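2 protein chains.
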Amino acid sequence: MEAIPYLALVSALAGLGLAAFYFGAVKKESSGNARMTELMEEIALGARAFLKQEYTYVAAFVAVMAVLIAVLVVPLGAVTYIFGAVLSALAGYVGMTVATMANARTTEAARSGGPAKALPLAFRGGAVMGFSVAGLALAGLAIVYIVFIGIGESDDGFELLTAFGLGASSIALFSRVGGGIYTKAADVGADLVGKVEAGIPEDDPRNPATIADNVGDNVGDVAGMGADLFESYGGSIVAPMALIAFTAFSIDANETTANLLGNDFILPLLLFPFGVAFIGMIASIIGSFLVKTGDSTDIHDLSKALHRGTNVAMGITIAGVLGLGAWLFTTDNGFDSFWGLPVSVIGGLLVGFAIGKVAEIWTSDQFGPVKGIASASETGPATTILKGISGGMLSVGASVVLIGIGIIVAMYGGHQAFPDAAQELGGIYGIAVAAVGMLATTGVVVSVDAYGPIADNAGGIAEMAELDPGVRDVTDALDSLGNTTAAVAKGFAVGSAALTALALFKTFEVALVQAAPIDSQFIADGGLNLNVGDVDVFIGLFLGAMLPFVFAALTIDAVGRAANEMIEEVRRQFREIPGLREGKEGVKPDSATCVAISTKASLKEMIIPGALAVVVPLVIGFIDVDTLGGFLAGALVTGFCLAIFMSNAGGAWDNAKKYIEQGNHGGKGSDPHKAAVVGDTVGDPFKDTSGPAMNILLKVMTIVSLVFASAFV
Amino acid sequence: MEAIPYLALVSALAGLGLAAFYFGAVKKESSGNARMTELMEEIALGARAFLKQEYTYVAAFVAVMAVLIAVLVVPLGAVTYIFGAVLSALAGYVGMTVATMANARTTEAARSGGPAKALPLAFRGGAVMGFSVAGLALAGLAIVYIVFIGIGESDDGFELLTAFGLGASSIALFSRVGGGIYTKAADVGADLVGKVEAGIPEDDPRNPATIADNVGDNVGDVAGMGADLFESYGGSIVAPMALIAFTAFSIDANETTANLLGNDFILPLLLFPFGVAFIGMIASIIGSFLVKTGDSTDIHDLSKALHRGTNVAMGITIAGVLGLGAWLFTTDNGFDSFWGLPVSVIGGLLVGFAIGKVAEIWTSDQFGPVKGIASASETGPATTILKGISGGMLSVGASVVLIGIGIIVAMYGGHQAFPDAAQELGGIYGIAVAAVGMLATTGVVVSVDAYGPIADNAGGIAEMAELDPGVRDVTDALDSLGNTTAAVAKGFAVGSAALTALALFKTFEVALVQAAPIDSQFIADGGLNLNVGDVDVFIGLFLGAMLPFVFAALTIDAVGRAANEMIEEVRRQFREIPGLREGKEGVKPDSATCVAISTKASLKEMIIPGALAVVVPLVIGFIDVDTLGGFLAGALVTGFCLAIFMSNAGGAWDNAKKYIEQGNHGGKGSDPHKAAVVGDTVGDPFKDTSGPAMNILLKVMTIVSLVFASAFV
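Respectively, the protein sequence lines represent chains P and H. Taking the working numbering, the leading residue of the first sequence gets 1, the next gets one more, and so forth. Taking the working numbering, the leading residue of the second sequence gets 1001, the next gets one more, and so forth.
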């Protein structure tokens, strides 16, 4: 059993090896003609420049936090905090590097070999990212565990694990917010002036913002998403381990539980998350080899190829987790059943899948909601917007019900596994490992997700390099496929965010009580009292419900301001560069200035919303921990609802526009199409800035509270 | 002291007398030429027809609920439930009747005497509604108290008061939802085909939906708002009385509190809300006499005239409440201070005012947010929408912080007044009476609020009767004034909703524990346990946060579907009635069919969202009361945030459009104006359907839970 962390480390290294292999495979492909290669390099240059500057800003923030952790919590925590931050940044950087190499190569593959050649290439580009994310996160956690904690020692080295998680969260938050603002400022700027004012198509080489738009796809959808999933994956593994560690080891631990949980009982619980991650990693590696296409160019066959990898990986994980349960959770070790916790994990996996399906139903043009938005476009942009908003809000209902079911199933599993006297802990542990289940197959799920922006960029390059329209048709088909598969990945991300945050929240409760000195005011006041009817908790709940609204407002406004700077610049170029608008031979836009504007604006804009997530819980926590408890709970439930609403409404508008562009309701250029473009533009910051950043916001706030719990009391 | 309920009754009757006096004053004015009178009658006919049918539907619902209450709770409760419902419906009906008389008369006054004559008339029309609402609610409550409860008797007749409140809530919910759907379906339908497609101005007589649009103003903004405020006002008075009654009288009362609270202590607390309402009513009557204009037509002078009434009424209330406190809360009766609870009341009043100011800042064209939306319209409808959404969301931040301050101040007041052993009860009682403070001046506040739709309708009649454009300018000035004053009223409504719901929530907790038989499973499980970290409470919190989103989605979609039916009909008429579009002499649209369509569609659409509010808490309550507690708390905080967001975003879009129409950013017909019209259309169901209905939703769900508390355990 003691081998499990080492197994996890080995599987993580195998994942990283696979990423390196795919990296080589992508690199050896041709990046096409000179123009395509030049475009690719321009995009890569812009993306690198942004990430470098972003990481400079974030490094300052990380330094401040590291000092705070060293002083207020525990000195070694600063080390693991920085370790988590660096690995997370590295995962984003690697993913972005390969994505900016794979784009032109995918265009060239589409040109020379059609979808059967382009799809595997784009997928391999995505897989470099997918396995870097999962590999680095799992390797980092295993190293922290092996080096600082050892096997089953009763110390509080587990604070170092949560600090690692906070490091990952810090990067994820800023990457999501900064990258999200960048990508949407460029996108909205390019669209509003290009498509709407100048009447030129998307990705037209005359549009000065096109390069910035493509850079944005890489820094937002690839690097931002990579850091996000690194954080989710790492956080999901940390949560159950921290829960058990804080409950069982700390000196002030609840006597009953501590007595009850012998080492035989604790160790399997501590190692189970690593075991699940190990199985998921192996399963992902196997799954990734199954993503290949025949000669078919049919969209459904291509779609099957992508889904096959994910489905097989999940199947293997389910079987493996049952086996793992049988090995770890024996009655000898004090468990009531071996299958309880595997049920939690599998339940989590299935619910994550189901939430992804909900997202798909509400955002794919195969189903009613998107078709409804397209129909509503017939009566103009106002009805397009209203239909999208109501659809997004309805999808909240379905998603929350699924999360509720997931929580109940996961809790049931925990209850079945744990002895009677530790039922409550068992329920929460079940919830925590359900999130691990959702994210176990991160390797392959992120590969499929990261494939989307690569295909999108490939289309952009085809357009800018003025290739045959047939090439664009191929990349468009791949891209639209990406939109649906990405929905599943988002389902896992958001579902796991809710469960992980809930588990971290419970851990925070435990940690607070244990960290408090016996003679503190906190203990004198009766410890933590989170009765929702108490006014201090209720005010916290209110403030927590409000914060996601303010956060969404700030990020939407940030996109608006940054987009405006871009719009002014594009207009200026069309006005001042003679022959640009007409597309005169040899006249080129000044793309570099647009890239610089987006970079500067988005970095400036990411500071306030990013800082909010860290400062607000700290301020509240130092005033009143009961209020902080209410605050975290309020933010969690409302933020989850807003995140689902914004992501699904945004995705639906995007696909409604694409559905119309396929020739429905008058097709491109018709009035319904114009209305749908309005919807798409409104949806851009919803689905790519505010919505995804919200997931991280919730976890950052919870994990900040958890790390600083001992400082509050 | 025993005279207070009688004083309240007398003041309520005085308010009703004033309403009758104003009714006569409005009625004796001229309704203008034959065409104007004819239009007025058409509108009145449509409004009456709708209300009649709406009440038929609602009567069926009320009957079912009455039976449930009689069987599951207490037989007499069915009587007071029906009494509350009937009075609430009556208040809406009276308000609507006078509003549909005052509209043409205001047009005529504007034509013959300008704003100095039109403003007082429109205000008097509104005042009939304002004093009917406050008078009927206060009279009803006083009668229930005097007849069924007597003075200070220790019985559980207080359940009859909460049943009265539930009756009012039931009507309010359906009136807000049904009326809100009606008014916006007609408005959106009229705008989309009229202004956008046919290119004819608002309220043009050629547009077949214009009459329906004007009917909508009366059934939604007048009758719906009247029932809403009846419910808020009544509910705010019921909450503190029920809180004290359930805590002090019931047999299973918390021993400590029961022993501590002698009759000397309890009676002033029971009667204080009536006393505050009495003072507010007298102050409102005085304030209403101060709303008069000189000869000035300057908008700021007119605005001052309206504000003077409200401000004086508030000043009188503040002074009166301090006096009332000195009389009731003596140390002889066991109070620690006489000024504590007056501070709670005054705090509530000031916070309500401040929330109104926040609404004004975010929705008036004098301030940044609306100007920002107008600027954003330069770059098209998408940026208009995004700017409105982010502004609305930011206003949530300010409003929640104010509510938090209000809660803290109100709690502080309660703590100061109550003896040490009953501090918690004192805090909650303080919060409950703060809501009474916010609504004490309902009489004059609603008068000012109801004045708005009358001025709006007057403008519509001026347009349809093809009067001189100068008349329309006068009514437009009055109307835009109404938008800002209405913001203040909305601030009171939404602020009091949060506080009342919180107080009712606490009462629900107390009622549950007291209603449970000693040998019930509920008591065996340890009674109510609302720790937010418990999974059952947390799932409730999640479901509660989700419900307002689903409710908003359902109501928005309902407006969309009803508007679509209207659009089809208007298009049909323009297509099939020869000469209509060209405005040929003698060709009239078939307005009656449009009215019938709106009526039918909105009644059909109100059923599901309305039923949701009652059915969901009942279902959850019968499954698990802890989950229900979490559910109510989650719905309260998230619903409040969504309500503020939707109301303020909608109001801001509306006024941004009007701001552009004043000649800014290119004025009417420019591209920014078209973009602003899109914003306004999106905002219509936000601010007039989903947003205001949300307030009631929260209270209905809490009060349903409270009334049925004894049935759950």
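Worth flagging that the hints you see were computed from the coordinates, not collected in a lab. One should not assume that every hint holds.
Said to hold, decoys possible - Straight line, CA to CA, 20 Å or less: simulated EDC-like cross-link-like pairs of lysine to aspartate or glutamate:
| id | chain 1 | residue 1 | chain 2 | residue 2 |
| --- | --- | --- | --- | --- |
| 1 | H | K1371 | P | E565 |
| 2 | H | K1195 | P | D671 |
| 3 | P | K195 | H | D1671 |
| 4 | P | K371 | H | E1565 |
| 5 | H | K1588 | H | E1002 |
| 6 | H | K1195 | P | E378 |
Stated by the list, open to error - Chain H stretches covered by chain P per the calculated footprint, using a threshold of three residues with CB under 8 Å from any CB of chain P:
| id | region |
| --- | --- |
| 7 | 1089-1098 |
| 8 | 1103-1114 |
| 9 | 1227-1238 |
| 10 | 1280-1286 |
| 11 | 1535-1545 |
What you are looking at is a predicted structure, and each value in this text was computed from that prediction instead of being measured. Don't be surprised by glycine CBs; every beta carbon is placed ideally from N, CA and C.
Results of checking the hints against the structure:
| no. | hint | result |
| --- | --- | --- |
| 1 | H:K1371 to P:E565 | holds, 19 Å |
| 2 | H:K1195 to P:D671 | holds, 16 Å |
| 3 | P:K195 to H:D1671 | holds, 16 Å |
| 4 | P:K371 to H:E1565 | holds, 19 Å |
| 5 | H:K1588 to H:E1002 | violated, 62 Å |
| 6 | H:K1195 to P:E378 | holds, 16 Å |
| 7 | 1089-1098 | violated (count 0) |
| 8 | 1103-1114 | violated (count 0) |
| 9 | 1227-1238 | violated (count 0) |
| 10 | 1280-1286 | violated (count 0) |
| 11 | 1535-1545 | holds (count 9) |
Going down the numbered hints, you'll see the structure goes against 5, 7, 8, 9, 10, while the others check out.
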